[in-house]
Amino acid sequence: MDPFSAEGELLNIHNAFHSGQYQNVIDFDTAALSSENQLPARVLKLRAQIALGQAKEVIAAVSSEEDTPDLAATKALAQQTAGNTDAALQLAQDLAENYPENATVQVLGGTVLQAHGNSEEALALLSKHQGNLEAVALIVQIHLQQNRTDLALKEVQAAKRWAQDSLLVNMAESWVGMRVGGEKYQSAFYVYEELASAPSTSAPLSIVGQAVAELHLGRLPEAEAALTAALEQYSDNAELIANAIVLNVLAGKPSADLEAKLQQLQPSHALLADIQEKSEFFDAAAAKYSPKVSS
Amino acid sequence: MQSSPNMLTKFESKSSRAKGIAFHPKRPWILVSLHSSTIQLWDYRMGTLIDRFEEHDGPVRGIDFHPTQPLFVSGGDDYKIKVWNYQTRRCLFTLNGHLDYVRTVFFHPELPWILSASDDQTIRIWNWQNRSLICTMTGHNHYVMCAQFHPTEDLIASASLDQSVRIWDISGLRKKHSAPTSVSFEDQMARANPNQADMFGNTDAIVKFVLEGHDRGVNWVSFHPTLPLIVSAGDDRLIKLWRMSDTKAWEVDTCRGHFQNASACLFHPHQDLILSVGEDKTIRVWDLNKRTSVQSFKRDLDRFWVIAAHPEMNLFAAGHDTGVMVFKLERERPASAVYQNQLFYITKEKHVKSYDFGKNVESPPMLSLRKLGSPWVPPRTLSYNPAERAILVTSPTDSGTYELIHLPRDATGAVEPTDVKRGQATSAVFVARNRFAVFNPSSQQVDIKDLSNSTTKTIKPPVGTTDIYFGGTGCLLFITPTTVTLFDIQQKKQLAELAVSGVKYVVWSNDGLYCALLSKHNVTIVTKTLEQVSTLHETIRIKSATWDDSGVLIYSTLNHVKYSLLNGDNGIIRTLDQTVYLVRVKGRNVYCLDRNAQPQILPIDPTEYRFKLALVKRNYDEMLQIIKTSSLVGQSIISYLQKKGYPEIALQFVQDPQTRFDLALECGNLEVAIEMARELDRPNFWNRLGAEALAHGNHQTVEMTYQKQRNFEKLSFLYLATGDQEKLSRMAKIAEHRGDFTSRFQNAIYRGDVEDRIQMFKEVDLYPLAYLTAKSHGLTEEAESILEACGLTEDQIALPSLEESLKVPHAIVPTFKSNWPTKAAGHSSFEKALLGEVGAGDEEVADGFEVEEDETEAVLAKDTLEDDEVDAAGWDMGDDLNLEEDVEFVNVESTEAGAGSSEADLWARNSPLAADHVAAGSFDTAMQLLNRQVGAVQFAPLKERFLEIYKGSKTYLPASTGLPPLVNYVRRTTEETDSRKVLPIIPRDLETVASVDLQEGYAAMRSNKLEDGVNVFKRILHTLLVNTVSSESEVEQAKTIITTAREYILAMTIELERRSLSTDTPEGLKRSLELSAYFTIPKLEVAHRQLALMAAMKLAFANKNYNSALGFANRMLANGGSAKLLDQAKKIKAQCERNPQDAIDIEFDQFAEFDICAASFTPIFSGSPCVTDPFTGAKYHEQYKGSVCRISEVTEIGAPASGLRLFVPAQH
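If you read the sequences in order, they're chains F and G. In this text, residue positions in the first sequence follow UniProt numbering: the first is 1, and each later residue adds one. In this text, residue positions in the second sequence follow UniProt numbering: the first is 1, and each later residue adds one.
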């Protein structure tokens, strides 16, 4: 039986991970799990550690067990997150070659490959999955990053046929919905709202999702309420801050403080990098024009 | 025979055999006449016996309430008919005449008549006003068991053991008695012989029809309230239905089912049903149209004798061997669900409708649920799923069924639903966007189902579960008779359990944090984790509840709307005439459904609970607001405040000195307490004040109270304690003066004054003590003098051994000088709020120009915006489409793998507007567009605007861990999914500019902050330059705002230029005068132009340019406005008119038409050559052509331009 299915014993830890409750994953009591589920549970815990920024600890923890492909893949992700990207890519590519059937390798390897922009390689690896929803979600995300909403949609619809109830499929559908727009914004909103309001799944991840959906629906006051409440609770979440900046701009409010905070927290954030790039672009483009008579 | 699940017993009494029943038409009362000779009056709502009437001798069989008067009539086996007043609780009179048992008695619906049927084989009509028998109807030849008036016509139906039912026509009787205008001989004759035919052969009552068909005696007969139908019940165990026309009557059908004598029967007042009771111990309900049994109810031991229907409500009562039962045939609670601003509910016709709270509008029916359950059983619950726009409806039919139905998009009428999913369950609720839970009590199992109705999960609820409710996202509440359990569906885990018994309904607060568990007589408020917050008990049944947005529970009982705060404080909001089911409360309105499933709005006064809520939350400002704006005073609120420990707040409400004193003491406000004590001036109050002041360490007040009470001992001790020697000695003097030796002694001790003690002892002839005192303090001389006075010598006295003399302790700290700062009696924050409001009223006064017309200006601003004629020279909105071809592009969908184009690229392709290109990040093409449209050449001032738009165009949605967030593109076309039509959102839309930025600019002008003003108006220009609007009319509005901004920038820069000038030189002065004159030229708001004119006028006047000043004054007077300004203008005008000459000649002709060059600030007279800025329309002298516009700082003066585009009409 699929250990992640509705009846499986890994369901709760799995859902906690994907709804962004990383600390709960780490605290999860795995002693009672059956032996074949111990390894996946451990991988999830290690990944939760990585997500919480403890990549170095993870590398140390798995360094002696690199023979296990699952843990090696975890190490690759940890290296990637820790900044040792070349080693991570090398390891991921090795693993992809040697253990392409391993589900952990697929997902984590795929993540590392995609992080390097090797989308085709990542998709090739992920396409070998056997009913692995994480792989599906990753494929959807890669398609979306490539702006191929059509392919992402196909992938989600295929997955819905065999795993309609899964949290991951719901979330992946929402990601696609945010690109499609129209009524899909509302559907995505419902998914995130449901996650954000249930105690077992509420986390910055789901609140950001809810707020972003509100934003796209043009409901700025609601989005603001969600983000403000969330920022009080999770003041250091970069995505919360980034989206709060967007919201403030749209609402015509100053956003400089938040930008400074984001700069301090995560200078590499896409928003900041993007703005920097565009600022330079502006100057270059503006330089082409000048008045006939300078005054 | 199973008892029907839908028969809902509301009340049961225990007594001897009940033979007659009558409902009060308005009050919740029934009269029950018993076989034991007693008549009981019950309140069936409260379940209490109100009264007993015991004057009949033997069984009482007939009973009836008068429809309007406080009367009732009874008839019994003592042959008597008695009329009673239930208010005075007395039998008014007795009607004698029947010669055997009286079986039934009834009042006529309008006339003052009583109809009685008796075993003496007669039916009689009595006039209860003159207490006389007016008609005796003979014809039956056995006991008459029942006789009833027709509700509207002049007919009587009677049933007799002679096996017949008779219909009597009494129109003759009415004629004779209802209009006795003159009493003729014939009338007198007729009255004297009531049973005789009159001279024309008519009798008062004639038999119209004889209905034969029963094979045994007939026990009961009833008319249909509206149709010409009659129903009868007989000892042949049959219920027979008869129909009549004007000329004949015939049997329609027979309802077979009773297996013993049928005792009574009646028509349902509103529905097509017949109800009957019998000695087979059953109540049976029949379908009037099909004559089939609909439901039945059986008692184990008791035979039924009588049944009665409430005239208006859906209530029935049946009398049996051991009492009566009051029951309903069906639940009257309409199934409903609330989502945001909408109520979804099922009407009596089983139509699904919605109701908009905000608009107070009912939708037309959306669906018909006619086929759900059985025809006579209304649906029980409704659960709504907004994500899928689906409803779940349950019906109790067939031991519980549910249906899952999708609502149509638009309500078009009561259509039959398609694609219905159904199943067996007593409860069904949505638990998530795509899941619902159904509960089956027989299998004790909860199934979680998806929207295709297939079970995804099965849960075993706790043993004895009777119902399930939504328990917050992903959770369920299981209700058992004694507990409520919160269960997480996903984790399959019980989260919490609470012992609450008999919960029937669960109502969640709007924010989902709290929930109210309603049982018959209790409300328990719990948190979302099922922790009990408070509980309250009601003696009257609780019917429904809903939450106020502020977290106050509003609930209804049978006859009240009440509130409960989270802490359990509750009270009555209003009374109810009829039972309603609350669904929503908003402001001063409570929305509810009545028993006919009609939405109703009940106005309420929320002041009391808002006040209490504010109190609990310590929101003093709101409390203050409520106190000021409402009449919330009275003893109840004061005692509430006091009880809740807010005496300092209660203090603010009270005038009565005694109460004020009590409250002041309670909150330690000594100042008020002293004030009140002075006013009251009674020892008791001083005493209490003293005790309280002592506790505070406020000894000065203590001193005062002791003085007031003349409590010298305490005073002395107080002075000792505070170390006030001076006052102590004064106390000693007082004691001496009063001749109070004890007190004097005490004071002497306190002061350590030995001499005084000795002196005192001597005065009271206590020489031994005096001697001893002197001796022990070493006052030998004194001792000896005492000895001498007594005539004794030292050796004659045996002294006890003396120890060291007593030392009087001295106060170390001079406490008496001031009070201890022990307990601060400061002002509560509430009092502070009370005091603080005085200061908050100060208004900000606009400095700089003194203008008093802020309000009128805003209005003027609007007017001018609309009225202004727009100089749209650079605004030719021609068809010069730069990107016309691009708009028509075709999106080629590639199916190959590989990256696609991002939505940002689509935006740039989809729109010819610069703002959309900016949002897409395509700054270069945006600049190109602006260059062509308005000749923009200097983009640096637009950088902030560009980045602002760009920043707001994308959101960041975290997806898989380890990868950067997914970028999504924010659209202004939120409904659009066609990739060729999607467009980006542009922050700071026209409305924001008009309502926020423009007002900010005006404010800067008003407060003379011109540099700020210039910046604000330039920002407005830049914001509008890169923007979009949604209609042609908005384009016009945008153009108007651009013009306004231009004029203000021009005016402000002129004035700023003037202020920077030195006026020491004649040239400087001349230029200054000119600029001040030019300042009056731009088209500002009238109020602002007045400011400019005022400034110009004063400057000109001061420099003796009386002619110019006169011109300005005249213009000001023409503009009108503030009286203060006009006064000044009038004065100056008067002075100038004496000498209308200019001392300094300036280049300004007040009568000529001219524009101001925005670069040189010199006039451009009409006809002279000039160039225009393509964006702002600002005018310049020709030599400025090709330079950057001074107003916009972006565009090139005189550049060729196609005109700014802000809007694209819908494209196809």
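Worth flagging that the hints you see were computed from the coordinates, not collected in a lab. Ideal Cβ positions, reconstructed from N, Cα and C, are used throughout, including at glycine. Each hint should be verified, as a subset may be incorrect.
To be verified - Interface residues of chain F toward chain G, partial, derived using beta-carbon atoms under 8 Å: (1) 153; (2) 175; (3) 181; (4) 200; (5) 208; (6) 249; (7) 270; (8) 286.
Q: Could you tell me which of the numbered hints above are not met by this structure, giving the numbers in increasing order?
A: Those not satisfied come down to hint 1.
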